[in-house]
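Line by line, the protein sequences are chains A and B.
Under my numbering, the first sequence is numbered contiguously, ending at residue 340.
Under my numbering, the second sequence is numbered contiguously, ending at residue 680.
Just so you know, not all the hints are guaranteed correct.
Taking lysine to any residue and the SDA-like style, the derived pairs with C-alpha atoms no more than 20 Å apart in a straight line are [what the hints assert, rightly or not]:
no. : chain 1 : residue 1 : chain 2 : residue 2
1   : B       : Lys492    : B       : Glu633
2   : B       : Lys378    : A       : Thr97
3   : A       : Lys144    : B       : Asp376
4   : B       : Lys365    : A       : Pro220
5   : B       : Lys613    : A       : Arg4
6   : B       : Lys378    : A       : Pro39
7   : B       : Lys378    : A       : Gly40
8   : B       : Lys656    : B       : Glu633
9   : A       : Lys143    : B       : Lys378
10  : A       : Lys144    : B       : Lys363
11  : B       : Lys355    : A       : Asn244
12  : A       : Lys25     : B       : Glu423
13  : A       : Lys25     : B       : Pro560
14  : B       : Lys652    : B       : Glu672
15  : A       : Lys23     : A       : Glu83
16  : A       : Lys143    : A       : Leu217
17  : A       : Lys143    : B       : Pro379
18  : B       : Lys549    : B       : Lys646
19  : B       : Lys492    : B       : Leu561
20  : A       : Lys186    : A       : Thr97
21  : A       : Lys38     : B       : Asn381
22  : A       : Lys38     : A       : Val24
23  : A       : Lys25     : B       : Ser481
24  : B       : Lys365    : B       : Glu351
25  : B       : Lys549    : B       : Glu423
26  : A       : Lys23     : B       : Lys378
27  : B       : Lys656    : B       : Val671
28  : B       : Lys649    : B       : Glu633
Stretch-level coverage of chain A by chain B, calculated; a stretch enters the list once three of its residues show a Cβ under 8 Å from a Cβ in chain B [what the hints assert, rightly or not]:
no. : segment
29  : 23 to 34
30  : 45 to 55
31  : 77 to 87
32  : 167 to 181
33  : 303 to 312
Honestly, the hints are just simulated from the structure, not real lab data.
Ideal placement from N, C-alpha and C gives every residue a C-beta, glycine not left out.
2 protein chains.
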Amino acid sequence: MEPRREFVLIEMLEKIFAPSSGKVKLGIGDDAAVVDCKPGNKVFSTDTLVEDVHFNRAFHPPRLLGNKAIAVNVSDINAMGGEAEFALLAMAIPQTTGDDYLEKIGQGIAEGCRQYGLEIIGGDITRSPGPFFINIMIWGSVKKYATRSGAKPGDDIWVTGFLGDSHAGWLWLSGEADETELELIKNEVKENRLNEKIFFLAKANINPKVCSKAGPLVAPLVNSMIDVSDGLSNDLGHICTASNVGAEINLDLLPLSPALKWWAKNRGKDPRKIALAGGEDYQLLFSAPPERESEIRSVFDSLKVKCSKIGKIKEKTRGIKFFDKKGYQPVEVEGWDHFA
Amino acid sequence: MEPRREFVLIEMLEKIFAPSSGKVKLGIGDDAAVVDCKPGNKVFSTDTLVEDVHFNRAFHPPRLLGNKAIAVNVSDINAMGGEAEFALLAMAIPQTTGDDYLEKIGQGIAEGCRQYGLEIIGGDITRSPGPFFINIMIWGSVKKYATRSGAKPGDDIWVTGFLGDSHAGWLWLSGEADETELELIKNEVKENRLNEKIFFLAKANINPKVCSKAGPLVAPLVNSMIDVSDGLSNDLGHICTASNVGAEINLDLLPLSPALKWWAKNRGKDPRKIALAGGEDYQLLFSAPPERESEIRSVFDSLKVKCSKIGKIKEKTRGIKFFDKKGYQPVEVEGWDHFA
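So that you can see chain A by itself, here it is in the shape it has in the complex:
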């Protein structure tokens, strides 16, 4: 973009992202930000949202898009058992994108930061000759960190919240919804002006919430943990590959929302398949020794967050299997290396 516009946008964002914690010595506006760090384990991650890959401007309200850019990154830090503290924002912006749209994205990012207790301390803005590109780099502190690689045969497998809502919401938004419905979504309507269940699913996709208190509390109790962003089956595959184990999931125990069940039933689909394969759930998937069950339940009870025990970690030679009351069911698992 023209330098002049870049500078105007940086100034606008500088106001939106005014520092709040007092931990930042030098924020936006210099070649780099300076933070006085306490010693200890720091945890770093980055996640990108690309237009027409991860979001569609036609129905993603910019404020919620900004919020989601923060949420998906917080989800990674949370899955390590960490607490997010700071972030950098890099955006590549199509020239046709107006300042008001960018301001709303900025406000959504700032809102996400307040919600999850972190601060934007710097970034980079440039022109894109193609899609809009929003990248967040996030970091924070962690005491006891959880990894993908610690799962042990005999562990219970747990997952938080509901699965598949986001994917169903995406399918609805990008296919079935009519223009009036998309306009309602874009105006961030209250659910009483749109089918309540549809709104629930769409919201799961465009405005995911991360329970960022759960990660640090549960991390000391688990053997392995990951956030569900590629779909439960794939993310379970990541844990199994990294931990060199197999797993068994009881499909009848998958946490399915009433909205997803209703949506799938109306379309003759199996909601469990959507729950397994659909991504962007931003829930925690973890394995823990059975003797941790009561501590785990009390963590999630205290947070009022749903947490379901859905299976068991097995020896690697047993593979990754999915069953229900009718027996074993074929499920494709991406990313799991059967031969490693």
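Let chain A serve as the given structure and place chain B on it in line with the hints.
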């Protein structure tokens, strides 16, 4: 991109970016990386290279592109007086881009990391439906940090290296060069197969080198510092705005390479204008009290790096002025707020 390809690429990059320092507790392959941080000031920055904005695949060898992605980020940390230690890499990749191209970019990034003493500890890979995006987030440690905002009237203005070579190189690469010449550049030929001066200019653009030892050494001696990435006149404007001062630059003292002078003369252009307006020099621009001159000279002498005194910081009311032996010359300064 398809999850499967993402995982294959991550595995490839994991090998290329094998950790080396022993400071990383958990690197690529989990939801986030974990580093055991020593206490003190940490410095954070991010910079993005977008295809067809910052680079052109037709003549930018991927290995050098990867190296440049690191160099431009190191330049920001250097301009703060910091030492880069770690980085995250986020890439959005067009589906037509082959694995071999990505491998070469990865190798260039790894080479840049070795050159500047840092490590890639994580990142994000996704599909782009448009141009290639390479984003690096970088951080490190800093003792005495320099900012844009400390310049004081009476300071000398200094700049390292030569100015304008990169911009002239870009003009040549994107306009005048014929296909055979671009092919030679793409094959990273030695200068003896291409006009030596042209090769010098093209290299300044596609393979910039940052003197990363200079920043930490000179930072304690300066009142303000910035890296020259938007062009000298604009970056001087940033210092003047942030410091609330004016400046005077003697155009006859601008450091111009023999290659730039030759190139400009052949085209009837003023090389000083290219030096002022052209960006991507990745040199240090700083201001310091006159009594620091001998210390500054001895820093750059010891590093065998060219450093030129080109002007003076003035009161804000005097504005930003450029003169030569014929008197004051009009130069546009972007980003300087004349009315703030």
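Hint by hint, here is what the structure shows:
Between the alpha carbons of Lys492 (chain B) and Glu633 (chain B) the distance comes to roughly 15 Å, so the proposed pair stays at or under 20 Å and holds. The straight-line distance between the Cα atoms of Lys378 (chain B) and Thr97 (chain A) is roughly 42 Å, outside the 20 Å bound, and the hint therefore fails. For the hint pairing Lys144 (chain A) with Asp376 (chain B), the CA-to-CA distance comes to about 12 Å; that is within 20 Å, so the pair holds. Using a Cα cut-off of 20 Å, the hinted pair Lys365 (chain B) and Pro220 (chain A) holds, with the two alpha carbons roughly 17 Å apart.
The hinted pair formed by Lys613 (chain B) and Arg4 (chain A) meets the criterion: a straight-line CA distance of about 19 Å does not exceed 20 Å. The suggested pairing of Lys378 (chain B) with Pro39 (chain A) holds, with an alpha-carbon distance near 5 Å, which does not exceed 20 Å. Between the alpha carbons of Lys378 (chain B) and Gly40 (chain A) the distance comes to roughly 7 Å, so the proposed pair stays at or under 20 Å and holds. For the suggested pair Lys656 (chain B) and Glu633 (chain B), the alpha carbons sit about 23 Å apart, so the restraint of at most 20 Å is broken.
About 15 Å separates the Cα atoms of Lys143 (chain A) and Lys378 (chain B), which keeps this hinted pair within 20 Å; it holds. Of the supplied pair hints, the one linking Lys144 (chain A) and Lys363 (chain B) holds, its CA atoms being roughly 17 Å apart against a limit of 20 Å. With a C-alpha separation of about 19 Å, the suggested pairing of Lys355 (chain B) with Asn244 (chain A) holds against the 20 Å cut-off. At roughly 17 Å between alpha-carbon atoms, Lys25 (chain A) and Glu423 (chain B) fall within 20 Å of each other, so this suggested pair holds.
Annotation: proposed proximity of Lys25 (chain A) to Pro560 (chain B) holds, straight-line Cα distance about 17 Å (limit 20 Å). About 18 Å separates the Cα atoms of Lys652 (chain B) and Glu672 (chain B), which keeps this hinted pair within 20 Å; it holds. With a C-alpha separation of about 15 Å, the suggested pair Lys23 (chain A) and Glu83 (chain A) falls inside the 20 Å cut-off, and the hint holds. Taking the CA atoms of Lys143 (chain A) and Leu217 (chain A), the gap is about 10 Å. The hint holds against a cut of 20 Å.
Annotation: proposed proximity of Lys143 (chain A) to Pro379 (chain B) holds, straight-line Cα distance about 15 Å (limit 20 Å). For a cut-off of 20 Å, the pair hint linking Lys549 (chain B) to Lys646 (chain B) stands: about 13 Å separates their Cα positions. Note on Lys492 (chain B) and Leu561 (chain B): the hinted pairing holds, with a Cα-Cα distance of about 13 Å set against a maximum of 20 Å. Simply put, Lys186 (chain A) and Thr97 (chain A) have alpha-carbon atoms about 17 Å apart, close enough for the 20 Å limit, and the pair holds.
Using a Cα cut-off of 20 Å, the hinted pair Lys38 (chain A) and Asn381 (chain B) holds, with the two alpha carbons roughly 9 Å apart. The hinted pair formed by Lys38 (chain A) and Val24 (chain A) meets the criterion: a straight-line CA distance of about 12 Å does not exceed 20 Å. The hinted pair formed by Lys25 (chain A) and Ser481 (chain B) meets the criterion: a straight-line CA distance of about 13 Å does not exceed 20 Å. Annotation: proposed proximity of Lys365 (chain B) to Glu351 (chain B) holds, straight-line Cα distance about 18 Å (limit 20 Å).
Our distance criterion of 20 Å between C-alpha atoms is met by Lys549 (chain B) and Glu423 (chain B), whose separation comes to about 15 Å. Among the hinted pairs, Lys23 (chain A) with Lys378 (chain B) is consistent with the structure: their alpha-carbon atoms are about 16 Å apart, no more than 20 Å. Simply put, Lys656 (chain B) and Val671 (chain B) have alpha-carbon atoms about 17 Å apart, close enough for the 20 Å limit, and the pair holds. Pair hint Lys649 (chain B) plus Glu633 (chain B) holds up; C-alpha atoms about 9 Å apart against a cutoff of 20 Å.
Only when three residues or more bring their CB closer than 8 Å to a CB of chain B does the claim for the segment 23 to 34 of chain A stand; here the count is 8, and the claim holds. Remark: the segment 45 to 55 of chain A is confirmed as covered by chain B, as 9 of its residues place a Cβ nearer than 8 Å to a Cβ of that chain, reaching the required three. Residues of the segment 77 to 87 of chain A with a Cβ under 8 Å from some Cβ of chain B number 5, which satisfies the need for three, so the listed coverage holds. Under the rule that three or more residues need a Cβ within less than 8 Å of chain B, the assignment of the segment 167 to 181 of chain A is violated, with 0 such residues.
For a cut-off of 8 Å, the count of residues in the segment 303 to 312 of chain A with a CB near a CB of chain B stands at 0, and the three-residue condition is violated.
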